[in-house]
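Chain residues, written in single-letter form:
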Amino acid sequence: MAQVVVVTSGKGGVGKTTSSAAFATGLAQRGKKTVVIDFDVGLRNLDLIMGVERRVVFDIVNVISGEARLNQALIRDKRVETLSILPASQTRDKDALTKEGVQGIIEELSKDFDYILCDSPAGIEKGALLALYFADQAIVVTNPEVSSVRDSDRILGVLQSRSKRAEEKREPVKEHLLVTRFDPVRVERGEMLKLEDIREILSIPLLGVIPESESVLKASNTGTPVIMDGESTAGQAYADAVSRFLGEEKPHRFIEAEKKGIFKRLFGGRAA
Amino acid sequence: MSAAPRPDTSPRIEPFRLRGANFNLLVLRLLDPRPEAVVPAIGDQFRRAPGFLRFAPVVLGLGDLDMPPGQVDFAGLIEGLRGLEIVPIGTTGGTPEMRNAAMAFGLPPIRSVGGKESEEAPPIAAPAPAAAPEPAAPPPPAPGMARPTMIVDQPVRAGQRVWAQGGDLIVTGTVNAGAEVIADGNIHVYGALRGRAIAGGGDRADARIFAQNFDPELISIAGYYAVREGLGGAPIGKAVQVRLTGERMRFDPIG
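Which chain is which? The protein sequence lines are F and G, in order.
Mapping the first sequence onto this note's numbering, position 95 (from 1) lands on 95, and the numbers just tick up by one.
Mapping the second sequence onto this note's numbering, position 108 (from 1) lands on 108, and the numbers just tick up by one.
So that you can see chain G by itself, here it is in the shape it has in the complex (with noise of 0.2 Å):
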């Protein structure tokens, strides 16, 4: 689901490992299997939050197209999705042949854990989805509802960067010097922040940043940073939120 703690690139003494790890993955139902259809819906829906799924990597849900795999244009829904940087890594659900088909477009199927898959599969009760390209539909998981939070409760240490994807980071300890957290949402730091903050990862300007002993190396909001050298007016060593009024970072006590 999301990075752990972990030290960076230092050489490993074998030169890889095999493990199965379970992954949080949004699933893109097609409703539509038209690109010019999909591609441009999903444009205007994350106009408004643009970059939220930047290299997102999503599975395709095939369970609701109810048409011959030759009349999917797998080839014009991939090299859509990559142009609005959504990354497409295989698909779920829908008929065999169906799978087959986008397999022959370097997309997998891949099986969801617990099974959902064949829960959202069954198309026999769903009234004849009327295929009709219905504009007006969202795209069905809106992934702005779902943003877990990760919580960190041991220091964050010199070399470790933590991130938290697609969510907010809470950190109940302190964050060192040399230390790197990262969140797609808001950091909240009830400890010193020592170290590096970057929030709002996914060009979220509104995310914030809470430090109870706010003493950092570096901040940034939705791309906007300042170095330490560049916080001369911020309440050094105080309970501080920063947050991003128009280009200007904004630097409170709180508490």
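So here's chain F without its partners, still in its complex pose (with noise of 0.2 Å):
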């Protein structure tokens, strides 16, 4: 049986789709056959990300009203052999998605497939109750802001009552806390919450903290998920964020301030 995964936040623009691309290259590059699901009918961006936008055809939308297959809707990643995409429609909206729709997409990925991510769309409606829904774990997308912080506090509720697993009174969804866009100097000066802070407020397991990084915004325009790119900060912590997953044991980096020596301080310079 597949492992459902959703990828979910709440609050839009906190790096669901990057953190989604990057975890589903991961585990396939660590040979687990892995679908990521676009669940943001409408305002699609993970066939971006992925690089493969040039090659939609069909999409859940059309699989889930009878006009495509499934495997006519998925595209099968050229870089990484065991990762496929079942990508978002531009033009329906999400009440073109429906419960039994996607439970019979599940199912039939659950015969293929050892994980299935889905990309959750930002807000608690229709689109993302039911990237949700079918969820054994989810990946919980938090940026150290407030109202992010809130906001993630939020969608942890809906999963303990509104989950496929909460209905059914089955053991509960297994939750991972995924902090990006963080910034260990800007938390040092108080203008980004403390990463104890975020952890006493949302009580979950952390996965990973993903330092903020230029890189993320190269790759997202070169299609490229930031995990490829083994030299940035970023996709290194995605990396170990991913055999966490697995449940490797891995050393939290990227938390603390970078102490700047002399010449970096003279001459400025960023992480890459």
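Errors might be hidden in some of the hints.
Said to hold, decoys possible - Which bits of chain G does chain F cover? Going by a derived footprint, with three or more residues having C-beta under 8 Å, they are:
id, stretch
1, 172-178
2, 240-247
Stated by the list, open to error - List time: in silico DMTMM-like cross-link candidates among lysine to aspartate or glutamate, alpha-carbon distance up to 20 Å:
id, chain 1, residue 1, chain 2, residue 2
3, F, K169, G, D153
4, G, K238, G, D252
5, G, K238, F, E196
6, G, K238, F, E200
7, F, K32, F, E248
8, G, K238, F, D197
What the hints assert, rightly or not - Derived Cβ-Cβ restraints for the label pairs, each shown as a range:
id, chain 1, residue 1, chain 2, residue 2, range
9, F, E125, G, R17, 41 to 47 Å
10, G, G230, F, R253, 40 to 46 Å
11, F, V185, G, Y224, 44 to 50 Å
12, F, P172, G, T245, 39 to 45 Å
Hint data in this document are derived by calculation from the structure and do not stem from the laboratory.
Where is the CB? At the ideal position from N, CA and C, for every residue including glycine.
Build the complex from these two chains, which are given one at a time in their own frames, with help from the hints.
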């Protein structure tokens, strides 16, 4: 049976899609058969970040409405063999998603894949509810900022009450905290929430801390998941997080402000 | 018995769902069929705790009524109880004729889960229920006694609302910003209280709020409330108990 993992946050713009792309790629790189589904019908982005936007023929709505078979809509990644993408529709809205339709897709994908990642849209409306409904595990993406933390708190409550596991009173959805866009320097200056404060409020296990990094934007624009950039701090942090997700012990990196040497202070310079 | 944590009113995917559930209800055993005897007696009983039963659903216990159903003024009883903001929702016990009579007034028979109904029902043993008004006899199930405490072991998260109906509420973790905890009795929060806490729901002015780390958005006791801006003098971030003295809220460090 495949594990269904929702990547969610409540708030928009915190890095759900970036994290979905990185995680899916990371899991596939470790040999796990992985498919990542874009649930953001109407505002599809995942295909861009995965660099497959020019190969989209059919999408999840076509599959649900019976206009295409699942196999026709799945896009196989050219870089990592075990990775597939199921894109969202750009021209429809989230009402086109139905619970039965999503269930059918997840059941069919479960036969062939080890991990099914659901990239949730922002908000707590239909698209987000359907993205998390079938989840076995949840990666809650949070920025070190009060509104993001509060929205994540909200979505954790929704996971605990509105997911299929909650409704069937089974073992609850396993929750992971992924803090993104973390800038230790700004935390030190008191401009961002401290890691301890976020952990204290959300009180779920910390999966990883992704440092703010210019390479994320560059990766998005070139359609290469940032985890493939092994040089960048963000890419390394995602790789660590994937390892932890698979049960390995890894110390958290990039959470302390770098002590700048005299030359760096004189000449500036930023983390790659 | 009480509302579980649940998110508020986001649109549902399905229009409805039918499920069985168990409820803890108060039974108002009628010892006298006359509204003019019953209603003022209840009013007297709860004068000290006004609003205790406010909009509380009650089940009318008919087992002690030993007269033809025609002599029971159901319409008057319903009206009188509603006047006290008590909402009769059904009946228990009594003869089939009595239950049918009540049904005609929109009060269906409600079966109790453990079959206790039948234990209470046998009026055979009851030595001729004197049928005298007996205004001195208080309504039997003094509801002030049964005050179950609700314990919540998970953090109460933004958008969640926990209501300990009819009793105290204990939260062993935190109440996060954007969450709401409500109790008819006292509220204890052993983590940080960052959301809203509303105690003494039924006008219970003696209710208190205890928090290990007091940092709320709003607190209220028996209808008196203070928002965060009005908590200037309170020891924020400390272990605090809040109570009402007269119409003022008092914040005292504890521990």
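Return holds or violated for the Cβ distance of G/G230 and F/R253 against the range 40 to 46 Å.
holds (44 Å)
Beta-carbon spacing of F/V185 to G/Y224 - inside the hinted bounds 44 to 50 Å or not:
Check passed, 45 Å falls within 44 to 50 Å.
Proposed proximity, G/D252 with G/K238 (alpha carbon, max 20 Å)
Judged against 20 Å, a Cα distance of about 10 Å means the pair holds.
Test coverage of the stretch 172-178 of chain G by chain F using CB-CB distances below 8 Å; three residues minimum.
Since three or more residues must qualify, the claim that chain F covers the stretch 172-178 of chain G holds, with 5 doing so at under 8 Å.
When you check the alpha-carbon spacing of G/K238 and F/E200, does it fall within 20 Å?
holds (16 Å)
Holds or violated: 39 to 45 Å for the Cβ distance of F/P172 and G/T245?
About 42 Å separates the Cβ atoms of F/P172 and G/T245, which means 39 to 45 Å holds.
Confirm or reject the coverage of the stretch 240-247 of chain G by chain F under the rule of 3 or more residues with a beta carbon closer than 8 Å to the chain's beta carbons.
violated (count 0)
Given pair status - F/E196, G/K238, alpha carbons within 20 Å
It holds: about 19 Å lies between the C-alpha atoms, which stays within 20 Å.
Can you let me know if the beta-carbon spacing of F/E125 and G/R17 is within 41 to 47 Å?
violated (19 Å)
For the pair supplied as a hint, F/K169 and G/D153, is the alpha-carbon distance within the 20 Å limit?
Holds. F/K169 to G/D153 sits at ~16 Å (cutoff 20 Å).
Holds or violated: F/K32 to F/E248, with C-alpha atoms at most 20 Å apart
It holds: about 15 Å lies between the C-alpha atoms, which stays within 20 Å.
Please verify whether G/K238 and F/D197 have alpha carbons no more than 20 Å apart.
holds (17 Å)
Hint compliance for this structure: hints 2 and 9 are broken, all remaining hints hold.
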